[in-house]
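Chemist: Okay, here's what each chain looks like letter by letter:
There are 2 protein chains.
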Amino acid sequence: MIENEFYSQQNVGPYEYYQVGEFELEEGGVIPQLQLAYRTYGTLNEQKTNAILVPTWFSGTSKNYESYIGPGRALDENEYFIIVVNQIGNGVSTSPHNSGSPIAMEAFPHIRIGDDVRAQYVLVTEKFGITELALVVGGSMGAQQTYEWAVRYPDMVKRAAPIAGTAKNTVHDFLFTQTLIDAITSDPGFKGGRYTSHTEVADGLGRHADIWAVMGLSTEFYQQELWRLFGVESVEQFTQGFLRPLFQSLDPNSLLTMAWKWQRGDVSRHTDGDLAAALNRITAKVFVMPIDEDMFFPVRDCAREQALIPNSELKVIESRLGHFGLFGAEDSYFEQVDCYLRELLASP
Amino acid sequence: MIENEFYSQQNVGPYEYYQVGEFELEEGGVIPQLQLAYRTYGTLNEQKTNAILVPTWFSGTSKNYESYIGPGRALDENEYFIIVVNQIGNGVSTSPHNSGSPIAMEAFPHIRIGDDVRAQYVLVTEKFGITELALVVGGSMGAQQTYEWAVRYPDMVKRAAPIAGTAKNTVHDFLFTQTLIDAITSDPGFKGGRYTSHTEVADGLGRHADIWAVMGLSTEFYQQELWRLFGVESVEQFTQGFLRPLFQSLDPNSLLTMAWKWQRGDVSRHTDGDLAAALNRITAKVFVMPIDEDMFFPVRDCAREQALIPNSELKVIESRLGHFGLFGAEDSYFEQVDCYLRELLASP
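Those protein sequence lines, which keep their order, are chains A and B.
Residues in the first sequence are numbered consecutively from 1, following full-length UniProt numbering.
Residues in the second sequence are numbered consecutively from 1, following full-length UniProt numbering.
Bound-form chain A, shown alone (with noise of 0.2 Å):
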């Protein structure tokens, strides 16, 4: 166990913490005790007709989807029930760096896309009583347990958004996050995982967040010095002293468990890799929701597989944030994914 602040309740929360209990893993292997940490906001109605469930992505937590959750708001805390649910291995659920032996670290087992839809499932149904989700939606990796949840429980799931995500991960983006995994695992400070403290990987950290200047943004982003948005002065404040600090404050064992489940996130591992007849088992209604200048969730990818899903509908969000754009830092992306979710949710 590494202390690591960023991860704490005052940092990131607040949240509670659901005992899943033993869980095994697709890939095989236990979690002796895996946690859920969520966060809800608004209540359950009588009939638990009203809930959404909200899981996180990369390097994420749930504090990040506080911008996208108000009275007013799509995703309206007056109306709904909305449990926002940490993935497992994101520093605040059970992780590598929280956990003890036998999983602690480097000896953290792998995690799918599916051992998080499943122990959300648990969470759902047993902690909550909820037998049907209103809404599923998340970002990127979210998007991701969203297809998942949409072709595992097609029966619970009434309606679907995954916002700048895929349901099978592309070559190309695996690539991309291969060079994330690799910034960090060179780094001589990682000893195979074995560091005493995050602080010892820095310099693989801000590599690592390097690279994500590059990819996680757009070419009009720095065109157009829209790094103002984040209330810096300069490009180079915006790289060296906000997305290195950023990284640089994560667990790196944590970034590894979600960049190796990022790359293979598959729903036709349902059906044989047919990702046709695994998308055609969706029932919910389903937005998808790519972002216009993502540069590794780009819009053709989204639709190519929205094409696939029977009850569903292509809304692009223009951004030029790219794949950031997920951060919120304009307005006009709320303006499009609360208009988009508002008319998702009105949809029977």
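Hints were generated in silico from the structure; no laboratory data involved.
These numbers come from a predicted model, not from an experiment.
Where is the CB? At the ideal position from N, CA and C, for every residue including glycine.
It cannot be assumed that every hint is accurate.
[To be verified] Derived CB-CB ranges, DEER-like: (1) G231(A) x E343(B): 33 to 39 Å; (2) R300(B) x Q33(A): 48 to 54 Å; (3) H110(B) x D272(A): 25 to 31 Å; (4) R281(B) x E343(A): 36 to 42 Å.
[To be verified] Output of the computed footprint for chain B on chain A, the stretches with three or more beta carbons under 8 Å from beta carbons of chain B: (5) 179-187; (6) 217-225.
Assemble chain B onto chain A, guided by the hints.
Modeler: This is chain B only, laid out in the frame that chain A set:
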């Protein structure tokens, strides 16, 4: 001096050397005995009006342009006298690994695109007595040199065709190139540039290649399995069996010399940072030729510059190979390049 067979006559030749002699650099410092490696095709006519200059791209050599030149092609050696010149630091012309003290290896000075073009000017005028270039054409860093030629020596350049490159490097492109640099310099085997063989930096060069795999091609390249165009049977063979060995055979300090230069390509250095004023100097007829799927020299960045060049047209090359379309693995690429260059060469 380090032996590296990659740059040998046998591998990337034939080429000849021109001794430029002592050469002062824009960033300060001197190359005591600068030599440029070049290759010519065809015969200079009596009026010396049929010369075409072709500068090399990052990591490339004069060998790379063999597939651009030939009888019946736009760059027809039966009609034109074509000089393909290796940029300074590319491993063939004067470079860190083939220089002795005081500029060997890590002591090699910073080179600017302007240094290349001034050295090439000496070659063209003093060796060949040429005072007019029918065309300057080059891809990527070759495009940067092409722009520099057209701005620095406007009276000498009749036509210019920058392919997949910009006159002023963008911030996004700078950040991308930095990840390529850091992949090499972060390898403990790099030893601050004082390795005794490039093979000691194989890990860093491999990660450098892996970043190219993400940014050098396109998402469609992988979706459509276009690695097959490179004669391989799987994406692993493309990345592990082609890209990694390719970059791992190169000299790390050479790549770093070129990368530093690439990051700072900027014709507005001639006009106190005023890009419009610099491009307005150009009297050549210019075809600006970006590649539609290029991830770091996107069409819109090139189009912005084209709009500032008086006698110019935007000619977009379609290639799902993205930036690596330059390698010419598709017939359709050369059909477009030849078509545009023929039109340009036919213009007054």
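Chemist: A separate judgement is required for each hint: does it hold in the structure or not?
Modeler: Structure-based check of each hint:
no.: 1; hint: G231(A) x E343(B): 33 to 39 Å; result: violated, 49 Å
no.: 2; hint: R300(B) x Q33(A): 48 to 54 Å; result: holds, 52 Å
no.: 3; hint: H110(B) x D272(A): 25 to 31 Å; result: violated, 56 Å
no.: 4; hint: R281(B) x E343(A): 36 to 42 Å; result: violated, 53 Å
no.: 5; hint: 179-187; result: holds (count 5)
no.: 6; hint: 217-225; result: holds (count 7)
This entry does not satisfy hints 1, 3 and 4, going by the numbered hints stated previously.
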